[in-house]
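Q: Residue-level listing of the chains:
There are 2 protein chains.
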Amino acid sequence: MHEVNSTIQSVQGFRVAGIAAGLKKENKLDFALILADRPCSAAAVFTTNQVKAAPVLLSQQHLQANGGHVRAVAINTASANAATGVAGLANAQTVSRWVAEQAGLQPEQVLVMSTGVIGTQLPMPKLEAGVPLAYQSLGQNWENTARAIMTTDTRPKMASVKVLTFAGEYTIAGIAKGAGMIAPNMATMLSVIVTDAKMSPSQAQVMLNGAAKVSYNRIVVDGDTSTNDAVFLLASGASGVTLETPTDMLQFQQALTALCTKLAQDIVRDGEGATKFITLDIQGAADDEVAHKIANTIATSPLVKTAFFGGDANWGRIVAAAGRAGVPFNPDQTRLWLSPGEELFEDDKGLLIFENGMPTPYKESDAADIMSETSIYVTLDCGLGSGKAMVWTCDLSNQYVAINGDYRS
Amino acid sequence: MHEVNSTIQSVQGFRVAGIAAGLKKENKLDFALILADRPCSAAAVFTTNQVKAAPVLLSQQHLQANGGHVRAVAINTASANAATGVAGLANAQTVSRWVAEQAGLQPEQVLVMSTGVIGTQLPMPKLEAGVPLAYQSLGQNWENTARAIMTTDTRPKMASVKVLTFAGEYTIAGIAKGAGMIAPNMATMLSVIVTDAKMSPSQAQVMLNGAAKVSYNRIVVDGDTSTNDAVFLLASGASGVTLETPTDMLQFQQALTALCTKLAQDIVRDGEGATKFITLDIQGAADDEVAHKIANTIATSPLVKTAFFGGDANWGRIVAAAGRAGVPFNPDQTRLWLSPGEELFEDDKGLLIFENGMPTPYKESDAADIMSETSIYVTLDCGLGSGKAMVWTCDLSNQYVAINGDYRS
Numbered sequence: 000m001h002e003v004n005s006t007i008q009s010v011q012g013f014r015v016a017g018i019a020a021g022l023k024k025e026n027k028l029d030f031a032l033i034l035a036d037r038p039c040s041a042a043a044v045f046t047t048n049q050v051k052a053a054p055v056l057l058s059q060q061h062l063q064a065n066g067g068h069v070r071a072v073a074i075n076t077a078s079a080n081a082a083t084g085v086a087g088l089a090n091a092q093t094v095s096r097w098v099a100e101q102a103g104l105q106p107e108q109v110l111v112m113s114t115g116v117i118g119t120q121l122p123m124p125k126l127e128a129g130v131p132l133a134y135q136s137l138g139q140n141w142e143n144t145a146r147a148i149m150t151t152d153t154r155p156k157m158a159s160v161k162v163l164t165f166a167g168e169y170t171i172a173g174i175a176k177g178a179g180m181i182a183p184n185m186a187t188m189l190s191v192i193v194t195d196a197k198m199s200p201s202q203a204q205v206m207l208n209g210a211a212k213v214s215y216n217r218i219v220v221d222g223d224t225s226t227n228d229a230v231f232l233l234a235s236g237a238s239g240v241t242l243e244t245p246t247d248m249l250q251f252q253q254a255l256t257a258l259c260t261k262l263a264q265d266i267v268r269d270g271e272g273a274t275k276f277i278t279l280d281i282q283g284a285a286d287d288e289v290a291h292k293i294a295n296t297i298a299t300s301p302l303v304k305t306a307f308f309g310g311d312a313n314w315g316r317i318v319a320a321a322g323r324a325g326v327p328f329n330p331d332q333t334r335l336w337l338s339p340g341e342e343l344f345e346d347d348k349g350l351l352i353f354e355n356g357m358p359t360p361y362k363e364s365d366a367a368d369i370m371s372e373t374s375i376y377v378t379l380d381c382g383l384g385s386g387k388a389m390v391w392t393c394d395l396s397n398q399y400v401a402i403n404g405d406y407r408s
Numbered sequence: 000m001h002e003v004n005s006t007i008q009s010v011q012g013f014r015v016a017g018i019a020a021g022l023k024k025e026n027k028l029d030f031a032l033i034l035a036d037r038p039c040s041a042a043a044v045f046t047t048n049q050v051k052a053a054p055v056l057l058s059q060q061h062l063q064a065n066g067g068h069v070r071a072v073a074i075n076t077a078s079a080n081a082a083t084g085v086a087g088l089a090n091a092q093t094v095s096r097w098v099a100e101q102a103g104l105q106p107e108q109v110l111v112m113s114t115g116v117i118g119t120q121l122p123m124p125k126l127e128a129g130v131p132l133a134y135q136s137l138g139q140n141w142e143n144t145a146r147a148i149m150t151t152d153t154r155p156k157m158a159s160v161k162v163l164t165f166a167g168e169y170t171i172a173g174i175a176k177g178a179g180m181i182a183p184n185m186a187t188m189l190s191v192i193v194t195d196a197k198m199s200p201s202q203a204q205v206m207l208n209g210a211a212k213v214s215y216n217r218i219v220v221d222g223d224t225s226t227n228d229a230v231f232l233l234a235s236g237a238s239g240v241t242l243e244t245p246t247d248m249l250q251f252q253q254a255l256t257a258l259c260t261k262l263a264q265d266i267v268r269d270g271e272g273a274t275k276f277i278t279l280d281i282q283g284a285a286d287d288e289v290a291h292k293i294a295n296t297i298a299t300s301p302l303v304k305t306a307f308f309g310g311d312a313n314w315g316r317i318v319a320a321a322g323r324a325g326v327p328f329n330p331d332q333t334r335l336w337l338s339p340g341e342e343l344f345e346d347d348k349g350l351l352i353f354e355n356g357m358p359t360p361y362k363e364s365d366a367a368d369i370m371s372e373t374s375i376y377v378t379l380d381c382g383l384g385s386g387k388a389m390v391w392t393c394d395l396s397n398q399y400v401a402i403n404g405d406y407r408s
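First to last, the protein sequences are chains A and B.
So the first sequence is residues 0 to 408, counted in numbering that gives the first Met the number 0.
So the second sequence is residues 0 to 408, counted in numbering that gives the first Met the number 0.
Rather than coming from a laboratory, the hints here were simulated on the basis of the structure.
Some clues are possibly wrong.
Copies of the same chain are indistinguishable here, so a pair counts whether it falls within one copy or spans any two.
Within a straight-line C-alpha distance of at most 27 Å, the following computed DSS-like cross-link-like pairs (lysine-lysine) qualify [stated by the list, open to error]:
| # | residue 1 | residue 2 |
| --- | --- | --- |
| 1 | Lys51 | Lys292 |
| 2 | Lys125 | Lys362 |
| 3 | Lys51 | Lys362 |
| 4 | Lys292 | Lys348 |
| 5 | Lys348 | Lys362 |
| 6 | Lys348 | Lys197 |
| 7 | Lys51 | Lys161 |
| 8 | Lys387 | Lys51 |
| 9 | Lys362 | Lys24 |
Please build the complete structure, drawing on both the sequences and the hints.
A: What follows is the structure, encoded as structure tokens:
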């Protein structure tokens, strides 16, 4: 498997910057720019929310206008530029034009992302001053760039992986932000991934779709789907390594998936107020889609999430959530195990809690021990077929309520 | 309209009791019995959760076996008797048999309800002692009976209404419990309603379906649907007033709906940790079902609920939740108003916040004033059709997390 690093040294053909444009209080980093030195093959997945933010609509336009080739991504925090009407769309266009003017590009070669409060217009004078400042700061400071896209995140999220091939080495690197409004509905956050491998836009899209499906699309913080969710993949080709054979493609797909999985899991680990990392491993469902629905219903259940926060082995809530998922489910066929950790050790599912429609004679203290861990692995075998799904989620704490009850102030 | 009282004096043909059977700690009331002095026409709505508790399965059997005629309802707290397998079903049967033996009935004339922790068996020795104690305590103490079915409820929920007809007067009275695992999926709680009006079982079922659809089916606390949800309607006929004409039926339907609405709203007011009562009035949707889906998505959004708790007019979260409801929705056609209180005054929707895809130039202080109220009325006009739905919900507070993180201990 590919070893994924938690840092980014550099990626050939890309320069980045994260600066303080005065969008946030206290001179925090709040605006990021990623610039490629040549046109990149680009791919994207976007939110499925029907209230799409202006930057989502504009980036979709720009990707189409340029046949999937772009040079830059600009990301602002503080305002999501969503539910902002024609004025919001015009503002997003203006930001892309400012970036284009600085870097000598066409506006259509610039993608934009925004995150922050819904329903407030972009602070344009601050951004007008911020764009040249970011351009002058371009370099390889990936950590500052990852920090500059944070909202309620408590730490920056970045990852990189190097892939050695017969034709040479290439790098994939990505940054991401959470930490609320995270639900599994295609892209569920902001993330930009860059690589110096060479591929076509359609290759990039296939790769990104495949990776997002089993990474960003498999995490739940709170069940709300953002208006701004977007993941971009930009491939510069600067390494000279081209994806040609099916083996090349598979290798890239695996490395990209490993990278996206690391970033997605980091979003869950840093979910708003999260104190526990929970893996839901659903097996034996009628099909994979059914398994995914059961996993998502459990992952978004407030009663399940608060029980995990309280360290209470109230497993009946897990079974009850599965029962209301609106898909075939039979408690008499179902088995439920709890295990500590993020992965199973030698396929040992841990403590069997429930089978034949009733609890096993497990020891309450054994279950309590597992629930006291910061990482818990839940296996639910529905006993109905071969469908399976893996979803990562976190608990619901009083800190989540505190963060979101007072987000705008 | 029918005046609904918050107390119950007596209902002809019924005796009730709420006693302490030692199921809960500290000698709290924890077991309730309702007995009719003659066979009643009975109707019920049950949870749609596929994990149905033993008392749900048994009550369904008993209603069928007796052609919709029953004499008694027994309700225990502390254990939901759900996910308890064949042993749980046998225990529920035994409880119904104990009640039947005390009262000289057939076990099939007894309905049972349970509420409490999922996955624990009923404490049978305590119930065996509790049943005769409850039988000996039968009388008109409706408040004790309502108290004896409480779990995390902070106060008993009961209501009654008297209906005057040309043929005489009859009474409808009901008790209910919340206060978590409340989601709009048919019956969403426990409630028993009795009346001394005379009707057939099929009439009772039509009446209950109609009332539940716009009352119990319109409330959301946390979006989790219980394994035990059930609402029973028992009609003794002891008043001698029969429902014969369409006018009689309409009158009863209206009175029953008013009663159920009061009990349902009381459940929301006493929702776990709730500090605010929120009315979601969705209008102009493609159809009523679409409106209901939009209302439920808003009502179950953790981000919307925490914003209400924080008193933050973060209305963008309401629009964003509507956008992910999976039904036709166009933010450019949508208007959103906020108003204080539980009802609109002379159809004044209050402060217009959002239209034409962007915020109006409303004053932030006006919105903050409304959000600081304990009751808030939200009107969302989708501008797409004539579909509408009304849903009542509450906020999500740190107290909800505290209650549910530590429920079993």
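Q: None of the hints should be skipped; say for each whether it holds.
A: The hints, checked one at a time:
no. : hint               : in the structure
1   : Lys51 with Lys292  : both (24 Å within a copy, 19 Å between copies)
2   : Lys125 with Lys362 : between (60 Å within a copy, 23 Å between copies)
3   : Lys51 with Lys362  : between (49 Å within a copy, 25 Å between copies)
4   : Lys292 with Lys348 : within (21 Å within a copy, 37 Å between copies)
5   : Lys348 with Lys362 : within (16 Å within a copy, 56 Å between copies)
6   : Lys348 with Lys197 : neither (41 Å within a copy, 57 Å between copies)
7   : Lys51 with Lys161  : neither (34 Å within a copy, 51 Å between copies)
8   : Lys387 with Lys51  : between (31 Å within a copy, 24 Å between copies)
9   : Lys362 with Lys24  : between (51 Å within a copy, 22 Å between copies)
Hints 6, 7 from the earlier list are contradicted by this structure; the remaining hints agree with it.
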